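K.L.:
Keeping their order, the protein sequence lines are chains L and R.
Counting from 1, position 47 in the first sequence corresponds to residue 47 in the working numbering; the numbering is continuous, with no gaps.
Whatever position you read off the second sequence (first residue = 1), add 380 for the working numbering.
For the record, the hints were derived by calculation from the structure and aren't laboratory data.
This one's a predicted model, so the numbers in the text were calculated from it and none came from an experiment.
For every residue, glycine included, the Cβ atom is placed at its ideal position computed from N, Cα and C.
Treat the hints with caution; some may be incorrect.
To be verified - Pulled from the structure, derived: some chain L residues nowhere near chain R, Cβ distances all over 12 Å: (1) Ser83; (2) Lys187; (3) Glu191; (4) Thr195; (5) Ala197; (6) Ser330; (7) Lys348; (8) Gln356; (9) Leu368.
Said to hold, decoys possible - Mimicking PhoX-like on lysine-lysine, the simulated pairs with C-alpha atoms at most 25 Å apart in a straight line are: (10) R:Lys438 - L:Lys114; (11) L:Lys145 - R:Lys438; (12) R:Lys462 - L:Lys375; (13) L:Lys88 - L:Lys152; (14) R:Lys454 - L:Lys375; (15) L:Lys86 - L:Lys348; (16) L:Lys375 - R:Lys438; (17) R:Lys515 - L:Lys161; (18) L:Lys280 - R:Lys615; (19) L:Lys190 - R:Lys438; (20) R:Lys615 - L:Lys161; (21) L:Lys190 - R:Lys462; (22) R:Lys658 - L:Lys375; (23) L:Lys152 - R:Lys515; (24) L:Lys62 - L:Lys344; (25) R:Lys613 - R:Lys658.
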Amino acid sequence: MSLIHRSSSLLKPLAAGPASLLRRPFSSATDDDATKITVETSVPFTGHRIDPPPRTIDTTPKELMTFFVDMARMRRMEIAADSLYKSKLIRGFCHLYDGQEAVAVGMEAAITRKDCIITAYRDHCIFLGRGGTLLEAFAELMGRKAGCSKGKGGSMHFYKKNGGFYGGHGIVGAQVPLGCGLAFAQKYSKEDHVTFALYGDGAANQGQLFEALNMAALWDLPAILVCENNHYGMGTAEWRAAKSPAYYKRGDYVPGLKVDGMDVFAVKQACKFAKEHVLKNGPIILEMDTYRYHGHSMSDPGSTYRTRDEISGVRQERDPIERIRKLILSHDIATEKELKDIEKEVRKEVDEAISQAKESPMPEPSELFTNVYVKDHGVE
Amino acid sequence: MWGIIRQKVGTGGISAPSMQRIRPAVSAWRSYSSSGKEMTVRDALNSALDEEMSADPKVYVMGEEVGEYQGAYKITKGLLDKYGPERVVDTPITEAGFAGIGVGSAYYGLRPVIEFMTFNFSMQAIDHIINSAAKSNYMSAGQINVPIVFRGPNGAAAGVGAQHSQCYAAWYASCPGLKVLAPYSSEDARGLLKAAIRDPDPVVFLENELLYGESFPVSAEVLDSSFCLPIGKAKIERAGKDVTITAFSKMVGYALKVINLRSIRPLDRATINASVRKTNRLVTVEEGFAQHGVGAEICTSVIEDSFGYLDAPVERISGADVPTPYAANLERMAFPQVEDIVRAAQRACFRSVPMAAAA
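Using the sequences and the hints given, assemble the complete structure.
P.N.:
This is how it looks when you write it as structure tokens:
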């Protein structure tokens, strides 16, 4: 899915070294696509008013490798953004997603680009998953012309309409009614597509979410509300903000599923299940139990409200990329060195995108007054 | 001489449950019509919605009581029967939720017409109007446009109290990315609503409850389904030569020779300034509060463009700087009356010393 669209040295057939790794038959299989590997999610799903899907999932070596590369790329992008922010090339707000990659990648694997995704401001990796390029992302972060919003949006306002990605929203909770609106339009247009509206544990208490959920349930909209529960709304732990932090149950009359958001296969299974469900039955809530390594934003060290032991503990026990690495190694799909080489390639890819982005100029002064309206009238 | 009509305060009226209504001076306008046809503002809005829904299957209506109830003010009467519940959508009383759903559907390409029962309730949804709708085309550099209309009654009704009487024209008109329209007559209502629905940008459409039942002459051209008025153009109802009076919505009926703004954003600065350059005097009229109001904006734009042409300070007539009282006598004092406009025009015409010196 996403590999084909990347302008990545990983795909160049004649490139030497690790690029050819993904095209060589792996030691255990003659055909990457046909070999079936059965995996189990780390924990079973928990259902609210619904029978959860099974925890055994079929995959292929190709899919495993794709998951690894995609998550590694997202991880590398966010780490690089951290450095760029500290060098003052990125300004304002910058909310990083490292740790949560399995949600973006698992969701993408279960759906098509005709399905819609809308999220809040921690949006860089979702953008990538929807087909956005590293160049567009870094250029936007640095406020340059080549950015996905031509430099006029910034970190919180990435969009890719032709990839089914509707942003990138700065107002906590607003994206949920908007997402239900996308689902409304899909149903109105009689399409068999769905919308995933992502929000955090902080946003889960927003009134407008319940207003939208009520209407989505009344009208059987194909809306999947996905709570990316990283357990902290900025600096406030979930138990200090929510009387009931069982977010998958908060829909009351709307069924819900609790999912290990650090397990890309659990995410994929849950999203596939949810898509089938909502097309017949109206909305569902998915709670992704996930974690962000960075603080809320670049101005938050992330350690005043949680311990370093907690952060390193999650990294050790539940890191999504490490889980896939272990699976790949245990099934002899690639060697440790091969995986490290892939990570080096990804790092190079990211560095190249950054240098290209740095060369992109800032927008023309005349752009200040464009796009206010679809047909801008003359500047006064 | 100043084009002000003395008006009687009358009782009754079709739609307003109030005891006191000010009737605009419609009678003097009948000579405009050549077809002899008249139409209420309510029917004008209803027919505009009907025609646009018929022409474009992506247009739909959403709001409280728009369907089975036939519309709180009957503006959407008959539409449910004609177009069905998928296109005429009754909502629960959740403005933030349904405004957001409307905007999200517009992101996808539908053309929603969201009704607020009054614009006072729009404050619950204002984040979606401003942050989700108005700014999206800009933040996405043109990827996501939002062809949505937010419509409903704005400003004072009669006897409905402080929380139900505010004018939001200045609030919405201050925001780039929105278009803000305020029709007065039936021609305005038809032409501007059609333009709003066809417009690819978010439009805030400010109606007036007390005007719904008023009849105005409409020509054959206005009745045609292709009729449309341009956004951003004011209408000179009748040109005066002594003073320029600007007004919008219900206040247009209080003065015969007046510039009917029709469009609050974009404001038709060209028409206003051209008139001031002829009359050299300006009175702005609005129901809303004076501070940071539409009149303040018009005054400054005239100072910016035509300062040398002014022979007198600009007068702004506005609502009193108080939450709207309920008692009938106090309520009457809280909003501009014809006498206030007359006095302002007199001051503008006969003033020989600046206001500050007279204090």
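K.L.:
Hint by hint, say whether it matches the structure.
P.N.:
Okay, the hints, checked on the actual structure:
1. No beta-carbon of chain R is positioned within 12 Å of the beta-carbon of Ser83 of chain L; the least distance is around 25 Å.
2. Taking the minimum C-beta to C-beta distance to chain R, about 9 Å, the non-interface status of Lys187 of chain L is violated against the 12 Å cut.
3. With a least beta-carbon separation of about 10 Å from chain R, Glu191 of chain L fails to lie farther than 12 Å from that chain, contradicting its non-interface assignment.
4. Remark: the non-interface label on Thr195 of chain L conflicts with the geometry, its nearest Cβ contact in chain R lying 8 Å away (cut-off 12 Å).
5. Listed as outside the interface, Ala197 of chain L is inconsistent with that label: its C-beta sits roughly 9 Å from the nearest C-beta of chain R, within the 12 Å cut-off.
6. Non-interface status of Ser330 of chain L relative to chain R is upheld: no Cβ of that chain comes within 12 Å, the nearest being about 43 Å off.
7. The claim that Lys348 of chain L is not at the interface with chain R holds, since no C-beta of that chain comes within 12 Å of its own (minimum 29 Å).
8. Even its closest Cβ contact with chain R, about 19 Å, leaves Gln356 of chain L beyond 12 Å, as expected for a residue assigned away from the interface.
9. Chain R draws Leu368 of chain L into its interface by the beta-carbon criterion, the shortest separation being 10 Å against a cut-off of 12 Å.
10. Distance hint between Lys438 of chain R and Lys114 of chain L is fulfilled; the C-alpha atoms sit about 19 Å from each other, no more than 25 Å.
11. Under the criterion of a C-alpha separation no larger than 25 Å, the hint pairing Lys145 of chain L with Lys438 of chain R is inconsistent with the structure, at around 33 Å.
12. Among the hinted pairs, Lys462 of chain R with Lys375 of chain L is inconsistent with the structure: their alpha-carbon atoms are about 33 Å apart, more than 25 Å.
13. For the given pair, Lys88 of chain L sits about 17 Å from Lys152 of chain L by alpha-carbon distance, which is consistent with the 25 Å threshold.
14. The straight-line distance between the Cα atoms of Lys454 of chain R and Lys375 of chain L is roughly 34 Å, outside the 25 Å bound, and the hint therefore fails.
15. Proposed proximity of Lys86 of chain L and Lys348 of chain L is supported: the alpha carbons are some 20 Å apart, at most 25 Å.
16. Restraint check for Lys375 of chain L and Lys438 of chain R: satisfied, since their Cα atoms lie roughly 21 Å apart, inside the 25 Å limit.
17. At most 25 Å may separate the alpha-carbon atoms for a hinted pair to count; Lys515 of chain R and Lys161 of chain L meet this at roughly 16 Å.
18. For the hint pairing Lys280 of chain L with Lys615 of chain R, the CA-to-CA distance comes to about 52 Å; that exceeds 25 Å, so the pair is violated.
19. With a CA separation close to 12 Å, the supplied pair Lys190 of chain L and Lys438 of chain R stays within the 25 Å bound.
20. Distance hint between Lys615 of chain R and Lys161 of chain L is unfulfilled; the C-alpha atoms sit about 39 Å from each other, more than 25 Å.
21. The hinted pair formed by Lys190 of chain L and Lys462 of chain R meets the criterion: a straight-line CA distance of about 20 Å does not exceed 25 Å.
22. This hinted pair does not check out: Lys658 of chain R and Lys375 of chain L have alpha carbons roughly 32 Å apart, beyond 25 Å.
23. Between Lys152 of chain L and Lys515 of chain R the CA atoms are separated by roughly 11 Å; this keeps the pair inside 25 Å, and the hint holds.
24. Only pairs whose Cα atoms come within 25 Å are accepted, and Lys62 of chain L paired with Lys344 of chain L is accepted, the gap being roughly 19 Å.
25. Taking the CA atoms of Lys613 of chain R and Lys658 of chain R, the gap is about 19 Å. The hint holds against a cut of 25 Å.
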